[in-house]
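In terms of numbering that gives the first Met the number 0, the sequence shown is residues 0 to 211.
Bear in mind the hints are in silico, worked out from the structure with no lab data behind them.
Careful: at least some of the hints might be erroneous.
[Stated by the list, open to error] Pairs of lysine to aspartate or glutamate, EDC-like flavour, derived with a Cα cap of 16 Å:
#1 Lys45 to Glu118
#2 Lys38 to Glu118
#3 Lys45 to Asp117
#4 Lys53 to Asp117
Quick caveat: nothing in here was measured; it's all calculated off a predicted structure.
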Amino acid sequence: MYNNLKNLFIKNLKENLFIYFFVFFCLLIGISIGAFTIKVVDLHQKQELISYLKGFFRLLDETGLRSMDIFKESIFNNIQLLVLSWLMGLVIIGIPIVLLVVVFKGFVIGFTVGLIIDEFKFYGVLLFILGIFPQNLLLVPAFIIAAVTSIVFGITVIKAKIKKNKTFKLSKLIFTYTSIYLVILLMVIMGSLIESFIVPSFIKLIANYIGV
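Input sequences plus hints: build the corresponding full structure.
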């Protein structure tokens, strides 16, 4: 099954290489905007954000936030965005919203990484490597693949309507489209599990060194 999924992904990547590049470019735009935003927020706002971040570290260390609570929050936030992407892909004219989801994910990553590195310097880099990077190894590709899937779905439907293809079956395409999203959902769940059950241990360790 793994090899089948791998071969299917490689085939999909080759067929839609330009779309993948475009979606990845949207992600980079979001990351850049997020990182730049840290440079333009005023000192008071930055201090509030740092205070909130340090408060989270202390809460994680002192009370030991339950991994299941973190998981529920993570999975809820990610599934919301994934469902939005799926729905907007079905609507077709909602494709710009799908791209905005990718930009938003990039913005969150860029803003968070920019904030922790700006404040904690070397330890901020460690927080990124051990506290942000692991789950995003799955979450970022998941949302990129979701966006590409939605765009390809829309293009396929538009082409079929223009060519007036009588053999075209929308129900079959929707089934395939949704099936791909279910696989993406598994990636999101795995990413959220990493974020909830593995990453907090690293964050607590680094937070102790920072002394917050």
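Hey, Lys45 versus Glu118, does the alpha-carbon distance stay inside 16 Å? 9 Å, holds
Mind checking the alpha carbons of Lys53 and Asp117 for me, to see if they're no more than 16 Å apart? With a Cα-Cα distance of about 14 Å, the restraint between Lys53 and Asp117 holds, given a limit of 16 Å.
Decide if the proposed pair is consistent with the structure: Lys38 and Glu118, CA atoms, cutoff 16 Å inclusive. Status holds; Cα separation ~12 Å.
Is Lys45 close enough to Asp117, meaning Cα to Cα at most 16 Å? 10 Å, holds
Of the hints listed earlier, there is not a single one the structure fails to meet.
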